[in-house]
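There are 4 protein chains.
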Amino acid sequence: MADRLHNWGRWGSGDEIGTANFITPDTIAAAATLVRRGAVFSCAIPFEARGPRYPTRLPPQHLMKRSGADYAAGHPTYGTMPDGGMKFADDYLFAALQCSTQWDALSHAWYGDTLYNGVPETEIRSTGAARLGIEKLYQHFVGRGVLLDLPRAMNGGERLAQGYAISDADLDIAVRAARTEVRRGDILLIRTGHVPWFYTLADEREFWKGAPGLGRSTVPWLHAREVAAVAMDNVAIEVQPPEGADQGLPLHGLLLRDLGLTLGELFDLEALAADCAADGVYEFLFVGQPLRIPGAVGSPINPLAIK
Amino acid sequence: MADRLHNWGRWGSGDEIGTANFITPDTIAAAATLVRRGAVFSCAIPFEARGPRYPTRLPPQHLMKRSGADYAAGHPTYGTMPDGGMKFADDYLFAALQCSTQWDALSHAWYGDTLYNGVPETEIRSTGAARLGIEKLYQHFVGRGVLLDLPRAMNGGERLAQGYAISDADLDIAVRAARTEVRRGDILLIRTGHVPWFYTLADEREFWKGAPGLGRSTVPWLHAREVAAVAMDNVAIEVQPPEGADQGLPLHGLLLRDLGLTLGELFDLEALAADCAADGVYEFLFVGQPLRIPGAVGSPINPLAIK
Amino acid sequence: MADRLHNWGRWGSGDEIGTANFITPDTIAAAATLVRRGAVFSCAIPFEARGPRYPTRLPPQHLMKRSGADYAAGHPTYGTMPDGGMKFADDYLFAALQCSTQWDALSHAWYGDTLYNGVPETEIRSTGAARLGIEKLYQHFVGRGVLLDLPRAMNGGERLAQGYAISDADLDIAVRAARTEVRRGDILLIRTGHVPWFYTLADEREFWKGAPGLGRSTVPWLHAREVAAVAMDNVAIEVQPPEGADQGLPLHGLLLRDLGLTLGELFDLEALAADCAADGVYEFLFVGQPLRIPGAVGSPINPLAIK
Amino acid sequence: MADRLHNWGRWGSGDEIGTANFITPDTIAAAATLVRRGAVFSCAIPFEARGPRYPTRLPPQHLMKRSGADYAAGHPTYGTMPDGGMKFADDYLFAALQCSTQWDALSHAWYGDTLYNGVPETEIRSTGAARLGIEKLYQHFVGRGVLLDLPRAMNGGERLAQGYAISDADLDIAVRAARTEVRRGDILLIRTGHVPWFYTLADEREFWKGAPGLGRSTVPWLHAREVAAVAMDNVAIEVQPPEGADQGLPLHGLLLRDLGLTLGELFDLEALAADCAADGVYEFLFVGQPLRIPGAVGSPINPLAIK
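Quick note, the sequences are listed as chains A, B, C and D, same order.
If you use the working numbering, the first sequence corresponds to residues 1 to 307, in order.
If you use the working numbering, the second sequence corresponds to residues 308 to 614, in order.
If you use the working numbering, the third sequence corresponds to residues 615 to 921, in order.
If you use the working numbering, the fourth sequence corresponds to residues 922 to 1228, in order.
Simulated from the structure, these hints should not be mistaken for laboratory data.
Wrong hints could be hidden among the right ones.
[To be verified] Quick list of the computed label-pair ranges, beta carbon to beta carbon:
{"hint": "1", "chain 1": "B", "residue 1": "G551", "chain 2": "D", "residue 2": "Y975", "range": "38 to 44 Å"}
{"hint": "2", "chain 1": "B", "residue 1": "T507", "chain 2": "A", "residue 2": "T200", "range": "33 to 39 Å"}
{"hint": "3", "chain 1": "C", "residue 1": "P669", "chain 2": "B", "residue 2": "D479", "range": "55 to 61 Å"}
[What the hints assert, rightly or not] A few chain C residues that don't get close to chain D, going by computed Cβ distances all over 10 Å:
{"hint": "4", "residue": "D640"}
{"hint": "5", "residue": "G688"}
{"hint": "6", "residue": "G726"}
{"hint": "7", "residue": "K823"}
[What the hints assert, rightly or not] Just a few of them, taken from the derived set where beta-carbon distance is under 10 Å, the chain A residues facing chain B:
{"hint": "8", "residue": "I23"}
{"hint": "9", "residue": "F41"}
{"hint": "10", "residue": "S42"}
{"hint": "11", "residue": "A44"}
{"hint": "12", "residue": "F47"}
{"hint": "13", "residue": "L63"}
{"hint": "14", "residue": "Y92"}
{"hint": "15", "residue": "C99"}
{"hint": "16", "residue": "A105"}
{"hint": "17", "residue": "T127"}
{"hint": "18", "residue": "A129"}
{"hint": "19", "residue": "E158"}
{"hint": "20", "residue": "R159"}
{"hint": "21", "residue": "E226"}
{"hint": "22", "residue": "L291"}
Since we're looking at a predicted model, the values are computed, not measured.
Beta carbons: idealized from backbone N, C-alpha and C, even for Gly.
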């Protein structure tokens, strides 16, 4: 790893949470002071079948075990109180953990035969991720969130084009437009406008022809600023197709594996961005905790920005 | 409904979120000021097969679509960069939405043929809850959390006994012990010690013989204090078996249906309670947002208390 | 029902299997004598994600709970014998019961508020089909199978065109070409060539623009011949779009509901048809039993024709 | 393998179906002549949550996507014909493929790092069994079935005791009682009475304390008689606990891996056995085909015995 930007060993040979280590009680307490109006903005798309879900994953399937219609059709009540007994609706879900707004765990992606911090790939088995599972982050990510609104900052308000590789210079422009700075422990929300565009399309196949996303020059930029996590309103964080000649998702390797930097995908930043543009405040308390699923390599989330 | 304690119509005939309406931007902003140390406490049990899950529900099943072991066994990489190409682990989940730490939506329980605010039960079908779905609460529950630690306050530190019906007087004792008051818009976390006891048992069947929980006298107490939500470390909020002669879960009817008060179950309050006992502070910022699943009648959650 | 072709009450008011009643021990014993060469032809398409599955249904998802790769990665063996202990692979399936080669149960489709034989629709609930479930047919369909090869008999060997409504006259042509007759208790396999065409398409959306299938004139034809079941190599048995002005699937009503005639879909009849064309024998022992799933409204099957 | 009883290479180095190779068109044609009365006996237990399912597997979960109750509650019809439009019930299943009456594929169990016929365990991955999948047997098992009724033949009609190791001598007794012989290509159904006993128990934990099943001496017996498959009304074929000092399931290794002999479990042989005792005929046409699921290591089945 000597020739690479990396955080292996930075927090000890047994560390499993990478850049989440940049979040401390002090950074959390400071982030809470950013709540001024008590306005809450969810950054989640609806968790449903229709959506910009990676084509290799099934859409989520929500099924009712029991419904109100069953009781209307004669299903017996439970007990006798009140008024003849109780009635309960109940449901199940079958879903890819990364089918909607999500975190990628550090166990989600790698290259070579080791994951972040040298964990052998053989520790990620059918039983789940013995190390680097999403549950290791179950009390994260609470902290200072910063929105970098690239469409407004550098694209005349228009969504970024498919295949556009965001550069470190682009991020600097957005930081300046946000009239703030990026600090250690921040959760960066980078808006492209790409995910909302999906819902406007008559032919969904257009969407998959490419995506705006991070280019290679952003890797040292993120590393130098010691951000805790990066989340975007695209499907795979990095530009698609990737820079250079071949396919693949190389920044997943450079960010998740080498830096141990957790990635969030399929965010919807429209409402938050509109509010930041209106009041000029691009920093907020961010709370985006995963479900506490042992051994999972990702988690559905409903991340909140609180201003 | 004239003879009952209820909130039907209080926020209009079309309201779908009930007592969550007590949460306002002001209450949220005030709650954020309760973050002093930046200490985060998750109130979630592990989302896994072993747990005090209601016996009628299946345990969650986490399955890997692809793992590190597959790549070690020869599965081809994706792309060529870096170093031979990327590798991805991916997973699926099949789960009852209420198999672990959860919110019950207002569409989860009722009696008669209407749910909260007069919604006909026929609107809860196999397609999900057309109204009162959990997604209506997707930017809730952020607010002031208050822990009422009943074991410490009134039971010598011991978990409450199975079948113990918590009274309004018990809640008053715990409020006094917390040296604070309950305010409109609060999310009340009421500790019994029951869920953690599950994990100590050699024979799980002991656990299901009964549970401590809320008794009927707490209903007007909660109504009068205008709490936004109640969550507990038991399985069904109310005492089991219920007070009075018959089986059933009548308080689900009085709370969810009549008051429109969202209920949280299978919380783990041990770490939070120990911290509150240590620093004497029983109020905190609470963030327990559901997943944004349209039409769901509950949601798995990972609720956080931030002090 | 007086104005309709129907079988309600024909086998008693409590009957739940409809035209399967035409199958008797005598017809089964006679069918067994049709096995001459001991050649077995499966009529199942592969039960996998890629296939002409009705677009409203999810593709099946096969997931491994444990695999050989896990053991290669270090998963412990079970016991010590032989040679260090046993190893087991295990798997799960999440699937729509009608996502592949299937029977539609009599509880699958109806119109008005009653199903076959007057069963109220309110008996088909989230708990499943209290009556008319597929499990009622768990010792069916064993009997004489007859292949009607429409492409060879009347279309120059070409698959039937999308939107082609098969008439009773077409079926007569195919029966004559088969040089046999249709008898009471038969399971009719009607070939169109439509399902195999799916697999040749570069753009799957072509497939869903229409389908050849049964037209209305076949209903009295099937009724008069007292067939036990009809199965086809299309997705919905009947022509799509349907004859007449409106959309819908009216023959499901006339066949499943009124006649109580079980329907099989997504069959693959290519290998069987080639063999019948080669040896001129269009009758065989057919064994197409459903899984014994209580309350299911359909079942995946692997139907066999044995010559 | 030189020191073991095995069939590796017997049907070529690329063979994937093992002893199923003993079934030929001739044996199938001869088996069909065994159908005299046209009586059909399913050997499947109900595919439902309650059953003698191996405790490590989840119970199957059958869920309705749409039901009759939904339509009664106002769900819109499809089309307008007949009589206002069609109505459809539809369902999903989440199940371990081996949760009920099943075949174990040759990819289900092994020892060392190779499966039957030297297939490396690394070919069984999250993507399924690249070789030895159950789909390779999709036109099997059709052939002569023989019932060996051990309770009637050697136990006074009583079910065999838990922990009873069936010997080759026991099998000989049952063959003599059946007044027939075992031939190459047969599918042997061996009755113990164990699975039906499950349903009589008030406390299911009794069931898991042990099981009657095959002992080691039956391995050369089965090998010598060139049977195509063995199926039993127990959960794991072999005696539990196993003979000798340690736990484990060694006969799975000797039978599935070394002989390539497919195993069937969780059969219900009660009705068939009663009929065989009544008419003295213990041979029949057996049809027990798996679902055509590519890469699966087992399959739910509904096996039929036809007399």
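Each hint, compared with the structure:
Between B:G551 and D:Y975, the C-beta spacing of about 42 Å keeps the proposed range 38 to 44 Å intact. Checked against the hint of 33 to 39 Å, the pair B:T507 and A:T200 fails, with Cβ atoms roughly 54 Å apart. Checked against the given bound of 55 to 61 Å, the beta carbons of C:P669 and B:D479, roughly 58 Å apart, stay inside it. Once the 10 Å rule is applied to beta carbons, C:D640 is inconsistent with being away from chain D; the minimum gap is 6 Å.
With a closest Cβ-Cβ approach of about 12 Å to chain D, C:G688 is found to remain outside the 10 Å limit, as its non-interface label requires. With 10 Å as the threshold on Cβ separation, the claim that C:G726 sits away from chain D is violated: the shortest Cβ distance comes to roughly 5 Å. With a least CB separation of 18 Å from chain D, C:K823 remains clear of the 10 Å interface cut-off, as annotated. The beta carbon of A:I23 comes within 9 Å of a beta carbon in chain B, closer than 10 Å, and the hint placing it at the interface holds.
At a threshold of 10 Å, the smallest CB-CB gap from A:F41 to chain B is about 7 Å, leaving the interface hint in force. Interface hint at A:S42: satisfied, since its Cβ lies 5 Å from the closest Cβ of chain B, which is below the 10 Å cut-off. With a cut of 10 Å, the hint placing A:A44 at the interface with chain B holds, because the nearest CB-to-CB distance is about 4 Å. Hint on A:F47 holds. Least Cβ distance to chain B is approximately 5 Å, under the 10 Å limit.
For A:L63, the shortest C-beta to C-beta distance to chain B is roughly 8 Å, which falls under 10 Å, so the interface hint holds. Contact between A:Y92 and chain B, as hinted, is supported at the beta carbon level, the nearest pair being about 5 Å apart and thus within 10 Å. Evaluation of the A:C99 hint against chain B yields a held restraint, the C-beta minimum of about 9 Å falling below 10 Å. Hint on A:A105 holds. Least Cβ distance to chain B is approximately 8 Å, under the 10 Å limit.
The beta carbon of A:T127 comes within 8 Å of a beta carbon in chain B, closer than 10 Å, and the hint placing it at the interface holds. Annotation: interface hint on A:A129 holds; nearest CB of chain B at approximately 7 Å, less than 10 Å. The beta carbon of A:E158 comes no nearer than 27 Å to any beta carbon in chain B, farther than 10 Å, and the hint placing it at the interface is violated. For A:R159, the shortest C-beta to C-beta distance to chain B is roughly 22 Å, which exceeds 10 Å, and the interface hint is violated.
A cut of 10 Å between beta carbons decides the hint on A:E226: the least distance to chain B is about 17 Å, and the hint is violated. Hint status for A:L291 relative to chain B: holds, with the closest Cβ pair at about 5 Å, below 10 Å.
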